[in-house]
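Student: Here is what each chain is made of, one letter per residue.
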Amino acid sequence: MFITKAPVEKVIELKNHIFILKIFAPEIASIIKPGEFLNVKVCDSNFPLLRRPFSVCDVEGDFIFLMFNIFGEGTKILANKHKGDLIDLLGPLGKGFNIEGDYDTAILVAGGLGVAPFPYFIRKIGNSKKIHSFIGGKTDKDIITYRMKNITISTDDGSLGIKGNVVELLEQNIEKLKSERIKIFACGPNAMLRKLRELCIRHNLNCEASIECAMACGFGICQGCPIESVNYPDKYLLVCKNGPVFNIRDVVI
Amino acid sequence: MFITKAPVEKVIELKNHIFILKIFAPEIASIIKPGEFLNVKVCDSNFPLLRRPFSVCDVEGDFIFLMFNIFGEGTKILANKHKGDLIDLLGPLGKGFNIEGDYDTAILVAGGLGVAPFPYFIRKIGNSKKIHSFIGGKTDKDIITYRMKNITISTDDGSLGIKGNVVELLEQNIEKLKSERIKIFACGPNAMLRKLRELCIRHNLNCEASIECAMACGFGICQGCPIESVNYPDKYLLVCKNGPVFNIRDVVI
Amino acid sequence: MKKADLSVQVGKLKFRNPVLLASGTVGYGNEMSEFIDLNSIGGIVTKSLSLKPRKGNPPQRIVETPAGMLNAIGLQNVGVEEFIKEKIPFLKKFNVPLICNIAASTYEEYVECTKILTREDAITAFEINVSCPNVKEGGLQFGNDVKAVGKITAGVKAVTNKPIIIKLSPNVSYISHFAKVVKEEGGDAVSAINTLVGTAFNIITRKPKIHNVNGGLSGPAIKPIALAKVLEIKQSVDIPIIGIGGIMNWQDVIEFMIAGSSAIQLGTVNFIDPYAAVTIIKGLEDFCMKQGIEKISELTGSYII
Amino acid sequence: MKKADLSVQVGKLKFRNPVLLASGTVGYGNEMSEFIDLNSIGGIVTKSLSLKPRKGNPPQRIVETPAGMLNAIGLQNVGVEEFIKEKIPFLKKFNVPLICNIAASTYEEYVECTKILTREDAITAFEINVSCPNVKEGGLQFGNDVKAVGKITAGVKAVTNKPIIIKLSPNVSYISHFAKVVKEEGGDAVSAINTLVGTAFNIITRKPKIHNVNGGLSGPAIKPIALAKVLEIKQSVDIPIIGIGGIMNWQDVIEFMIAGSSAIQLGTVNFIDPYAAVTIIKGLEDFCMKQGIEKISELTGSYII
Ligand SMILES: Cc1cc2nc3c(=O)[nH]c(=O)nc-3n(C[C@H](O)[C@H](O)[C@H](O)COP(=O)(O)OP(=O)(O)OC[C@H]3O[C@@H](n4cnc5c(N)ncnc54)[C@H](O)[C@@H]3O)c2cc1C
Ligand SMILES: Cc1cc2nc3c(=O)[nH]c(=O)nc-3n(C[C@H](O)[C@H](O)[C@H](O)COP(=O)(O)OP(=O)(O)OC[C@H]3O[C@@H](n4cnc5c(N)ncnc54)[C@H](O)[C@@H]3O)c2cc1C
Ligand SMILES: Cc1cc2nc3c(=O)[nH]c(=O)nc-3n(C[C@H](O)[C@H](O)[C@H](O)COP(=O)(O)O)c2cc1C
Ligand SMILES: Cc1cc2nc3c(=O)[nH]c(=O)nc-3n(C[C@H](O)[C@H](O)[C@H](O)COP(=O)(O)O)c2cc1C
Ligand code: FES
Ligand code: FES
Numbered sequence: 001m002f003i004t005k006a007p008v009e010k011v012i013e014l015k016n017h018i019f020i021l022k023i024f025a026p027e028i029a030s031i032i033k034p035g036e037f038l039n040v041k042v043c044d045s046n047f048p049l050l051r052r053p054f055s056v057c058d059v060e061g062d063f064i065f066l067m068f069n070i071f072g073e074g075t076k077i078l079a080n081k082h083k084g085d086l087i088d089l090l091g092p093l094g095k096g097f098n099i100e101g102d103y104d105t106a107i108l109v110a111g112g113l114g115v116a117p118f119p120y121f122i123r124k125i126g127n128s129k130k131i132h133s134f135i136g137g138k139t140d141k142d143i144i145t146y147r148m149k150n151i152t153i154s155t156d157d158g159s160l161g162i163k164g165n166v167v168e169l170l171e172q173n174i175e176k177l178k179s180e181r182i183k184i185f186a187c188g189p190n191a192m193l194r195k196l197r198e199l200c201i202r203h204n205l206n207c208e209a210s211i212e213c214a215m216a217c218g219f220g221i222c223q224g225c226p227i228e229s230v231n232y233p234d235k236y237l238l239v240c241k242n243g244p245v246f247n248i249r250d251v252v253i
Numbered sequence: 001m002f003i004t005k006a007p008v009e010k011v012i013e014l015k016n017h018i019f020i021l022k023i024f025a026p027e028i029a030s031i032i033k034p035g036e037f038l039n040v041k042v043c044d045s046n047f048p049l050l051r052r053p054f055s056v057c058d059v060e061g062d063f064i065f066l067m068f069n070i071f072g073e074g075t076k077i078l079a080n081k082h083k084g085d086l087i088d089l090l091g092p093l094g095k096g097f098n099i100e101g102d103y104d105t106a107i108l109v110a111g112g113l114g115v116a117p118f119p120y121f122i123r124k125i126g127n128s129k130k131i132h133s134f135i136g137g138k139t140d141k142d143i144i145t146y147r148m149k150n151i152t153i154s155t156d157d158g159s160l161g162i163k164g165n166v167v168e169l170l171e172q173n174i175e176k177l178k179s180e181r182i183k184i185f186a187c188g189p190n191a192m193l194r195k196l197r198e199l200c201i202r203h204n205l206n207c208e209a210s211i212e213c214a215m216a217c218g219f220g221i222c223q224g225c226p227i228e229s230v231n232y233p234d235k236y237l238l239v240c241k242n243g244p245v246f247n248i249r250d251v252v253i
Numbered sequence: 001m002k003k004a005d006l007s008v009q010v011g012k013l014k015f016r017n018p019v020l021l022a023s024g025t026v027g028y029g030n031e032m033s034e035f036i037d038l039n040s041i042g043g044i045v046t047k048s049l050s051l052k053p054r055k056g057n058p059p060q061r062i063v064e065t066p067a068g069m070l071n072a073i074g075l076q077n078v079g080v081e082e083f084i085k086e087k088i089p090f091l092k093k094f095n096v097p098l099i100c101n102i103a104a105s106t107y108e109e110y111v112e113c114t115k116i117l118t119r120e121d122a123i124t125a126f127e128i129n130v131s132c133p134n135v136k137e138g139g140l141q142f143g144n145d146v147k148a149v150g151k152i153t154a155g156v157k158a159v160t161n162k163p164i165i166i167k168l169s170p171n172v173s174y175i176s177h178f179a180k181v182v183k184e185e186g187g188d189a190v191s192a193i194n195t196l197v198g199t200a201f202n203i204i205t206r207k208p209k210i211h212n213v214n215g216g217l218s219g220p221a222i223k224p225i226a227l228a229k230v231l232e233i234k235q236s237v238d239i240p241i242i243g244i245g246g247i248m249n250w251q252d253v254i255e256f257m258i259a260g261s262s263a264i265q266l267g268t269v270n271f272i273d274p275y276a277a278v279t280i281i282k283g284l285e286d287f288c289m290k291q292g293i294e295k296i297s298e299l300t301g302s303y304i305i
Numbered sequence: 001m002k003k004a005d006l007s008v009q010v011g012k013l014k015f016r017n018p019v020l021l022a023s024g025t026v027g028y029g030n031e032m033s034e035f036i037d038l039n040s041i042g043g044i045v046t047k048s049l050s051l052k053p054r055k056g057n058p059p060q061r062i063v064e065t066p067a068g069m070l071n072a073i074g075l076q077n078v079g080v081e082e083f084i085k086e087k088i089p090f091l092k093k094f095n096v097p098l099i100c101n102i103a104a105s106t107y108e109e110y111v112e113c114t115k116i117l118t119r120e121d122a123i124t125a126f127e128i129n130v131s132c133p134n135v136k137e138g139g140l141q142f143g144n145d146v147k148a149v150g151k152i153t154a155g156v157k158a159v160t161n162k163p164i165i166i167k168l169s170p171n172v173s174y175i176s177h178f179a180k181v182v183k184e185e186g187g188d189a190v191s192a193i194n195t196l197v198g199t200a201f202n203i204i205t206r207k208p209k210i211h212n213v214n215g216g217l218s219g220p221a222i223k224p225i226a227l228a229k230v231l232e233i234k235q236s237v238d239i240p241i242i243g244i245g246g247i248m249n250w251q252d253v254i255e256f257m258i259a260g261s262s263a264i265q266l267g268t269v270n271f272i273d274p275y276a277a278v279t280i281i282k283g284l285e286d287f288c289m290k291q292g293i294e295k296i297s298e299l300t301g302s303y304i305i
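Protein chains in written order, with the working numbering: chain Y, 1 to 253; chain B, 1 to 253; chain A, 1 to 305; chain D, 1 to 305.
In isolation and in its complexed conformation, chain Y is listed as follows:
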């Protein structure tokens, strides 16, 4: 956990409004794990004031990749970076995915930008497990398949893949999938994760989910990122420290 000012190597526009930043950051590249995140100061000035959290999307040698869409002021500034611009990164932060374990197939469930942490996840898991990716979005414009493997797609409007949301898509396939030992890894909007959680409880599935919420510090000093814990109802967990990846049953989303 430290701050580094790292030079941008490349800004790649994947789709309209969806970008990848390739950054030269060897110290981070060498230690960060899938599902961990960085808290990024998008500019030197006080505007915007706070850092923005981003999952590490991929690591290649000394380079790290961040994937984001233009959402507000901060991501707009990031999208306008040029090669050589220095980006102020604080990290690695949080608790990432637990890749090891007693399962044969990793089921990746991503809603929209929720694919962000999975390229690195896939790289790290290598050939040790099978992978099946379920990717959902509102329309085909929201579907990102960058470096994903073995993909099944759903869109709310049916413009690509099956019509419906990604949790419904998963449910349609779940009996088939359950013939193997599976573990689910998920990332996406809270509404999706809430439905996924119900599904996992219903079908008694093992699932780790990366959860988003507003953050100020990202490293545990502001208490700004509480999440209700199932096991300790008298205190909140912190998304930035105890997460962002949780066993989906342990938290109230």
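Derived from the structure by calculation, the hints contain no laboratory data.
Please note that a few of the clues may not be correct.
Claimed, not checked - One side of the interface only, derived from the structure: several residues of chain A facing chain B at Cβ under 8 Å:
no. : residue
1   : 25
2   : 27
3   : 37
4   : 94
5   : 219
6   : 275
Quick caveat: nothing in here was measured; it's all calculated off a predicted structure.
All C-beta atoms in this analysis are idealised placements derived from N, C-alpha and C, irrespective of residue type, glycine included.
Following the hints, complete the assembly by docking chains B, A and D with the ligands onto the known chain Y.
Tutor: Then chains B, A and D with the ligands, alone, in the frame of chain Y:
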């Protein structure tokens, strides 16, 4: 007086920390006069919040030129513009220099960045009058001669030209200059203009000076830019509307 | 699709849309009229007037701060007489509600100003500035004193039939106490907020950056505070509120209306973008259409807490 | 050149430099110690403690605003017992003055907390938070009530020999009235300011962005207000002041000292740059050298007005 978003054509670094912005702004180029200024929003965000006033430095066809040094946050942002970036300009503003008149030689007196309005002044005056430029600065690093004519230089530390301030320099030459019909045009820090004002009163010289002060709006609605008037002591003049160019004797600097 | 109805009612006052221009940030309308059609905006509030002309504070009067600015203009103004002779004739040419803002050093001056100005047909309503933090003789005292605000409200009400809006200071423990006394004394509406007291120092000279020492903080920096003040009033007093403070775009206007404002005023943004009022009105129109809001006034106090 | 003396005195308290870390923005020191050497800073003020653990407010607790942020953590904390058992042993390892911040819902709770904690040698002083705007039962009431603040000051003074700093609310008409009562009741210093009450709404759902509705505004946006409050206290009450509010860099520290602060606290900036304290201390050192300031404490209240 209107707002236009005009594309940067070129960012030129004249010296360390001193820049020229060349901007494609035909509507402004066609009407602005020497000594008038623009109030510039350096970025879309709220930081910095206020516009920054800059004199028009020169006009060439459809292009206008602004000269500035990196002073604070706003000028730092301006210096980092790229070709094609749009700059938000409000203007033309203020009352410029009165070039016409009963004199043969225009004496330009500039302190540091105070040369900014004079290239355009020189262009407009053409061959109708003679020009003599006196340029002063702290050290040779502060001396800018961009597009100036017939130059005499002073520096506080003597590193270039005569050692001393530019008003002393002018005073050394004043008897000789007074053999012709002269009019002084000045721009620079208030401390310099204050000394120049005394000189002009002592020698009964005709002098117009462009005066700087903090501004919010630049067009007369905030009342943020008062200057004491000699003739109407019971009210302030506004630098942005009644100036920035004043007869140096009419105002208390 | 049908156009949304942007008109709003603030007590007895009716505006064609909720976007007014705030006192001290539009002069007397001349300069603004070179940018925008004044007839398209909700209303205009003129620079604070006092009985006699005021020279105002010496420079430096303004300083930029993070997402805000401090000002200590010191109520420079032309005085009631010149206002009537020189400024009203210009403003009369427009068909826009004219709210005349009055600031004074004594109770008697408030009443006297109102009495003289009420004869002017061009004036639609008065906004009484009891809260200017930059005038040493009295401004701040009034704004921080519930009894004084009540007395001034009653005093000006007694000499005019035109609606009275009291502009409240945010530099108090409970702004709602002030709104309450305004209502009790017959005030028609409150506007909230005026600027917050702030200062800044030059670290080399150790002098205040502003000649007056303190200035009034305005701009986006104060928006969250202004919204909380509007909400506080809305939750405790039944009086129309004109929301002010850091509004930069149409989204901010919606936020202020949800928090309880019937109309709003644009201040600092006019310095940065004199077209802001027009852009914002267009934005409100589009938002209402998109959201199926037929009358924008439905938004006032529509918070879900 | 001789190094400048950065040490400062706040009443009986001595700090190696004026840069303390503010309550609620350093947790209990663990995380910060991974970034900086806690022994290099002036002091550390722990997250507000109450007698019993507090769960705090449900999310969303924070929202960004222009050059600022709103928070409504709701005083989530581990309670006095766990603090003594779990947190003090860690903090004891450092040679840095430990100021324990206490927040409570009743007068009795303030006294009780202080009484228990005063036995802990590791605690150098207490900062009493009478001004947290995010706790519904009482926080705001105390902070806005001069008598209550006086009573709490006297109450905690009576049960401890350690210095008592009262942390004042800016959400009042005259903060100096509160500083005055603190002095009268024997308080050793005041810290100013806590956050300003603010809010924000989601314009689509019309719900407050923060679950608690109101939050506390902090960050650079509030700096001019904080400076004016420090100056107000300095000009009217003879009590040491710890300045807080929007400090981002060493220049801001100098400004707060000129306005009257004997020491300062860094809050929001820690979230953005946990190294800020160290960078700032270095900046202060360089500034003093350059300006020929031998003792930084000379700056306190050195304004020229
Ligand atoms: C652990 C974590 C990992 C993330 N990884 C990615 C990623 O890989 N790619 C990506 O595109 N986005 C990711 N996000 C979301 C990303 O942080 C936001 O998209 C980003 O903050 C938007 O910034 P902005 O300035 O463009 O938007 P603005 O709306 O202008 O500002 C965002 C502000 O909203 C706040 N906020 C409120 N709710 C949320 C929320 N649910 N999540 C985040 N911020 C919120 C933030 O604190 C911030 O202050 C992640 C978030 C978290 C918490
Ligand atoms: C009519 C006029 C013409 C000008 N022409 C030029 C020019 O051609 N080239 C040039 O380099 N500079 C010029 N200046 C000065 C220029 O506006 C400032 O250098 C610029 O505002 C610095 O901005 P910043 O963000 O870099 O500095 P910052 O210090 O971060 O911000 C400047 C802030 O300080 C305020 N301020 C305080 N005192 C003054 C003052 N005396 N002058 C200006 N702003 C002040 C401004 O209002 C602004 O908010 C001119 C000023 C005026 C009034
Ligand atoms: C330069 C300036 C001058 C002002 N003058 C007055 C005034 O004369 N009378 C008044 O009631 N308010 C005055 N105000 C306050 C504004 O009307 C408004 O209440 C305040 O600026 C907050 O709104 P804003 O954040 O949108 O600017 C002034 C504000 C500024 C910035
Ligand atoms: C997230 C957060 C939590 C805070 N918690 C506390 C607290 O528990 N007790 C307290 O006295 N002040 C608390 N504060 C207030 C700060 O200590 C400080 O007074 C305030 O943030 C202003 O300083 P700043 O602008 O530098 O942040 C908190 C502030 C923030 C931003
Ligand atoms: S974001 Fe600050 S504690 Fe989690
Ligand atoms: S800068 Fe606004 S009136 Fe001159």
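Student: Taking the hints in turn, state whether each one holds.
Tutor: Hints, one by one, checked against the model:
A hinted interface residue such as residue 25 of chain A counts as satisfied when its beta carbon comes closer than 8 Å to some beta carbon of chain B; here the least separation is about 6 Å, so the hint holds. Look at residue 27 of chain A: its Cβ gets to within about 4 Å of chain B, closer than 8 Å, so that hint holds up. With a least beta-carbon distance of about 14 Å to chain B, the hint placing residue 37 of chain A at the interface is violated under the 8 Å criterion. A hinted interface residue such as residue 94 of chain A counts as satisfied when its beta carbon comes closer than 8 Å to some beta carbon of chain B; here the least separation is about 16 Å, so the hint is violated.
The beta carbon of residue 219 of chain A is positioned within 8 Å of a beta carbon in chain B (closest approach about 6 Å), and the interface hint is therefore held. A hinted interface residue such as residue 275 of chain A counts as satisfied when its beta carbon comes closer than 8 Å to some beta carbon of chain B; here the least separation is about 7 Å, so the hint holds.
Comparing the model with each earlier hint shows violations of hints 3 and 4; every other hint is respected.
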